[in-house]
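> So the sequence lines, in the order shown, correspond to chains A and B. All residue numbers for the first sequence refer to the numbering used here, where the first residue is 1 and numbers rise by one. All residue numbers for the second sequence refer to the numbering used here, where the first residue is 1 and numbers rise by one.
Hints listed in this document are in silico derivations from the structure and should not be mistaken for laboratory results. Each residue gets a CB set at the ideal place from its N, CA and C atoms; glycine is no exception. Fair warning: there could be bad hints in the mix.
Stated by the list, open to error - If we take Cβ atoms under 8 angstroms as the criterion, some of the chain A residues that face chain B in the derived model are: (1) 222; (2) 239; (3) 312; (4) 315; (5) 317.
Said to hold, decoys possible - Covered by chain A, per the in silico footprint, the following chain B stretches (three or more residues, Cβ under 8 angstroms): (6) 48-56; (7) 77-89.
Spelled out from the first residue to the last, the chains are:
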Amino acid sequence: MSTITQWLGSGADVEARRRMLLGLGSFLLPLLVWCLVSYVPFVWHPKMYVTAPGGVDFFQVGMLVDKPMFREEVADMQKAHQPLPEGYAANPIYLPAPGAVAEAFYNGFVNPPQTSDVPSMPASLWHSIQVIFWGFLISSLIGVPLGILSGTYSAVGRLNEPFVEFFRYLPAPAFGALAVAVLGIYDGPKIAIIVIGTLFQQVLIIANTTRKLEVTIIEAARTLGTKRLGLLTRVVVPGILPDLYRDQRILLGWAWTYLIVAELIGTSSGITWFITQQARYQHFDNVYAAIMTIGIIGFGTDLVLGRLGRRLFPWDSSQDRR
Amino acid sequence: MNLSESALPGYRHQSEAVRARFERIRAREVILEVRGLGKHYRSPQGETEALRGIDFSVHRREFVCVIGPSGCGKSTLIRILAGLDHHTEGEALLDGKPIKGPGQDRGMVFQGYSLFPWLTVKKNVMFGPQMNGHARDDAERDALMWLELVGLEKFADAYPHQLSGGMRQRVAIARALVNQPRILLMDEPFGALDAQSRAKMQSHLIDIWKNIDITVLFITHDLDEAIYLADRILVLKAHPGEVQEVIEVPVPRPRTPGQFSSPEFLATKARLEQLIHPAAEPESDDEQKVKPHLIRLTDVHDNVE
Numbered sequence: 001m002s003t004i005t006q007w008l009g010s011g012a013d014v015e016a017r018r019r020m021l022l023g024l025g026s027f028l029l030p031l032l033v034w035c036l037v038s039y040v041p042f043v044w045h046p047k048m049y050v051t052a053p054g055g056v057d058f059f060q061v062g063m064l065v066d067k068p069m070f071r072e073e074v075a076d077m078q079k080a081h082q083p084l085p086e087g088y089a090a091n092p093i094y095l096p097a098p099g100a101v102a103e104a105f106y107n108g109f110v111n112p113p114q115t116s117d118v119p120s121m122p123a124s125l126w127h128s129i130q131v132i133f134w135g136f137l138i139s140s141l142i143g144v145p146l147g148i149l150s151g152t153y154s155a156v157g158r159l160n161e162p163f164v165e166f167f168r169y170l171p172a173p174a175f176g177a178l179a180v181a182v183l184g185i186y187d188g189p190k191i192a193i194i195v196i197g198t199l200f201q202q203v204l205i206i207a208n209t210t211r212k213l214e215v216t217i218i219e220a221a222r223t224l225g226t227k228r229l230g231l232l233t234r235v236v237v238p239g240i241l242p243d244l245y246r247d248q249r250i251l252l253g254w255a256w257t258y259l260i261v262a263e264l265i266g267t268s269s270g271i272t273w274f275i276t277q278q279a280r281y282q283h284f285d286n287v288y289a290a291i292m293t294i295g296i297i298g299f300g301t302d303l304v305l306g307r308l309g310r311r312l313f314p315w316d317s318s319q320d321r322r
Numbered sequence: 001m002n003l004s005e006s007a008l009p010g011y012r013h014q015s016e017a018v019r020a021r022f023e024r025i026r027a028r029e030v031i032l033e034v035r036g037l038g039k040h041y042r043s044p045q046g047e048t049e050a051l052r053g054i055d056f057s058v059h060r061r062e063f064v065c066v067i068g069p070s071g072c073g074k075s076t077l078i079r080i081l082a083g084l085d086h087h088t089e090g091e092a093l094l095d096g097k098p099i100k101g102p103g104q105d106r107g108m109v110f111q112g113y114s115l116f117p118w119l120t121v122k123k124n125v126m127f128g129p130q131m132n133g134h135a136r137d138d139a140e141r142d143a144l145m146w147l148e149l150v151g152l153e154k155f156a157d158a159y160p161h162q163l164s165g166g167m168r169q170r171v172a173i174a175r176a177l178v179n180q181p182r183i184l185l186m187d188e189p190f191g192a193l194d195a196q197s198r199a200k201m202q203s204h205l206i207d208i209w210k211n212i213d214i215t216v217l218f219i220t221h222d223l224d225e226a227i228y229l230a231d232r233i234l235v236l237k238a239h240p241g242e243v244q245e246v247i248e249v250p251v252p253r254p255r256t257p258g259q260f261s262s263p264e265f266l267a268t269k270a271r272l273e274q275l276i277h278p279a280a281e282p283e284s285d286d287e288q289k290v291k292p293h294l295i296r297l298t299d300v301h302d303n304v305e
């Protein structure tokens, strides 16, 4: 049903199977690049992993040294007739191979660490999801009704939208210190940051969506005898529901982007704490695994919500546009 | 047979049967009465007078068409009657009571269908009765009856987007009629349809009108449509919108598409054309600015005509 791709050609006759293959390809392509960089020794690999220090006194087994420096030391040792250092080409520590990340991902969920000082990935994630849930719920409880009312009654809109428009430009993280002062150091300020980051956009977007409802639909309802409150509950709300649902999906994505900043406020917690801790120990495979889990959860939720949307709104043909 | 202009009977000439019919219509009570209706509104270009001194009345079960050039305010007129717009002068009375806001005593059919896309066909038709406090079961029974009347009972559970334009307009008509309004207001309802479905819908509308107690006020810009459907045609002129003439259509009933070339039909059409497209129609300023400048982009020998 997407007219634009139809006009631009190519997309018009793409049948479902081809579309799925292309979609899969969009994931496989970056993965392929990553594999190339990680597993083909002559692609990049700017470091040497030392397996035997030879005569070099500052080399240690397991050390990563720059390639030119390694070559220099080999030449020096040859000149001095000392045992040569040995090693193989490697990537910097911050770029683990896909295999290592996959292993970290698997271990993160199957064998989480038992000690209490190191956070486990599932527990961290669960904590993050709870923060998102509450943040988004509170924001929606205020933002959705306010947005709909602003879009329906121009007086309500004029009364709040200029302020909301202004507030939207204040970066949510800037309220971090204030939020801690008011709400303490635990989950309160984190939820507050997500609310501040989402709510103001939400009001404007939903007000706008509401305004786009066809006027003749409301007029038709009025000629059929619908009165004030009925117009809101029986015409405006069902009329915008599919678009509202789509807006909420996009806004949920925004809430996720605010999560990382929010979790750094007060005591670090959730997946952000997990990531910073693992980075501190240079366990970059865990860091990548955690970042990807966020992506998988976000993208997965959106996919599920998209499917659900098609089922909830069978009359709305734009729901199945992906 | 040569039907040149001079050979046509006057459009005011009515056969005995037609005259008797108009007598009968005039004997019926007045449903809608419009007296000195006018509308001013303020636009960025300044004060605009959309309608001025509109006078007419519609009798019960009469079919009145409103026709006029674009900008004559025919849509404004019907919107005022539907209660969606306010007039600034004069009065509009339905059954003797002034019109204030929309009400279920007037049904409206829009050009853009404006069905509720989230409701099935049946629930679209049930909407009116439910809004007016009828029980669900009653509303459903009425809706099914009206859907049968417009021939869409098989599509009761379909959504509007699954229907063709003509079918959607049938739903819109059923949705307006289920409230049992005194008058059905139709704002260019078939304007968006192709010629074939338009013709079908016109005869369908006549069938509906013949069989139920309903008065119709129908806006159109299509002269043939107006003559084919109407008992009387209200011809408006633009800037400001005023009644130019009220024509009693001399074409006898029952109407058939075969009458499109009958002398009465052609005489009426000639008169309407005279009223709506006067000999030298002055172009509006904007249109004068549009001057296509064609250059030859094909081989000079490659002619199509």
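> If a hint holds in the structure, say so; if it does not, say that too.
Evaluated hints:
no.: 1; hint: 222; verdict: 4 angstroms, holds
no.: 2; hint: 239; verdict: 7 angstroms, holds
no.: 3; hint: 312; verdict: 10 angstroms, violated
no.: 4; hint: 315; verdict: 4 angstroms, holds
no.: 5; hint: 317; verdict: 6 angstroms, holds
no.: 6; hint: 48-56; verdict: violated (count 0)
no.: 7; hint: 77-89; verdict: holds (count 3)
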